[in-house]
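Got chain X; can you put chain Z on it based on the hints?
Residue numbers (the working numbering), protein chains in the order written: chain X, 1 to 162; chain Z, 1 to 162.
It is possible that part of the hints are untrue.
Stated by the list, open to error - Straight-line distance between alpha carbons at most 25 Å, and here's what the computed DMTMM-like set of lysine to aspartate or glutamate pairs gives:
hint: 1; chain 1: X; residue 1: K88; chain 2: X; residue 2: D63
hint: 2; chain 1: X; residue 1: K105; chain 2: Z; residue 2: D142
hint: 3; chain 1: X; residue 1: K88; chain 2: Z; residue 2: E129
hint: 4; chain 1: X; residue 1: K105; chain 2: X; residue 2: E129
hint: 5; chain 1: Z; residue 1: K88; chain 2: X; residue 2: D63
The set of hints was computed from the structure by calculation and includes no laboratory data.
2 protein chains.
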Amino acid sequence: MYNALDWSTDNCPVGLTMEIIGERWTVVVLREVFNGIRRFDDMRTRTHVPRQVLSNRLATLVDHGILRRTPYQEPGARQRFEYRLTEKGLDLYPVLIAIRDWGDKHLTGAEGSPVEVTHRECGALVHTEVRCAAGHAVTPRDAVPRPGPGAQRRNLGRDQPA
Amino acid sequence: MYNALDWSTDNCPVGLTMEIIGERWTVVVLREVFNGIRRFDDMRTRTHVPRQVLSNRLATLVDHGILRRTPYQEPGARQRFEYRLTEKGLDLYPVLIAIRDWGDKHLTGAEGSPVEVTHRECGALVHTEVRCAAGHAVTPRDAVPRPGPGAQRRNLGRDQPA
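This is chain X alone, in the form it adopts within the complex:
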């Protein structure tokens, strides 16, 4: 029987991911880019994120290889940058859709969701599912954790001083 207390969380992928995207505006910026909004001023217009915060969040996402900056130049203006998702960034799509699903179900209220996402090919609505590799739908109650290849025993000496 797996007991989480026996194991270290130092290399937990949830903790590591939240070190990067664990800030409200970071995910909002990702939402913008997934919605086709690539330019700083357009993000400012849509999100009202303070200028310096937006600048910091974009820099963090570029530093981690989630967004890449590409230059563009409007006639008569100085060169500026657009932000696009890398493959690593595109891999965050299930996170964004899962967050959207939960908000739609629990927070958007009686008027319903402001945006629907449809499958280009068939038009059906898009959502996330938790499934196993054999294709079964999985709820938290059907899920069993076990130590993975990178599991590290918790350092009891350090964590629980006598």
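Showing chain Z alone in chain X's frame:
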């Protein structure tokens, strides 16, 4: 053609959700509860979240109906509380697994993941998928946004002063 700039983000489910869980330690606390860690001191031992921060994050999650507090009492000790997921909280499972998936792929490194989640019934590994209601797997490139029932046109007068 949907142009995100035409639409308000005020009631966006991603933004609304991130107002609640948009903080690194909040998601780490949820990870703990999904892993069966229900008690304050056990969460402290595993996560090293500062006491006051942990206390605040738990209170926020209880306030939003994601966790519920239930009393328990060890022999000879004063009454304390355990934290359990409500149905609303259990609905965050796809978010947690999607975050875990991404961290596993991009951050845990050569040694691999510290925890694997398996399907109780068949033993296969568990992950999050983005699918449409017709069952097709969907990538960001196959996804088309459109205004939903709660869509609100952006107030151009307010957002773009002359």
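How the hints compare with the structure:
Between X/K88 and X/D63 the alpha-carbon distance is near 12 Å, which keeps this suggested pair within the 25 Å criterion. For the proposed pair X/K105 and Z/D142, the alpha carbon gap of about 23 Å is at most 25 Å, so the pair holds. With a CA separation close to 16 Å, the supplied pair X/K88 and Z/E129 stays within the 25 Å bound. A threshold of 25 Å between alpha carbons decides the hint, and for X/K105 with X/E129 the separation of about 14 Å falls inside it, so the pair holds.
For the hint linking Z/K88 to X/D63, the alpha-carbon distance of about 34 Å lies beyond 25 Å, and the restraint is violated.
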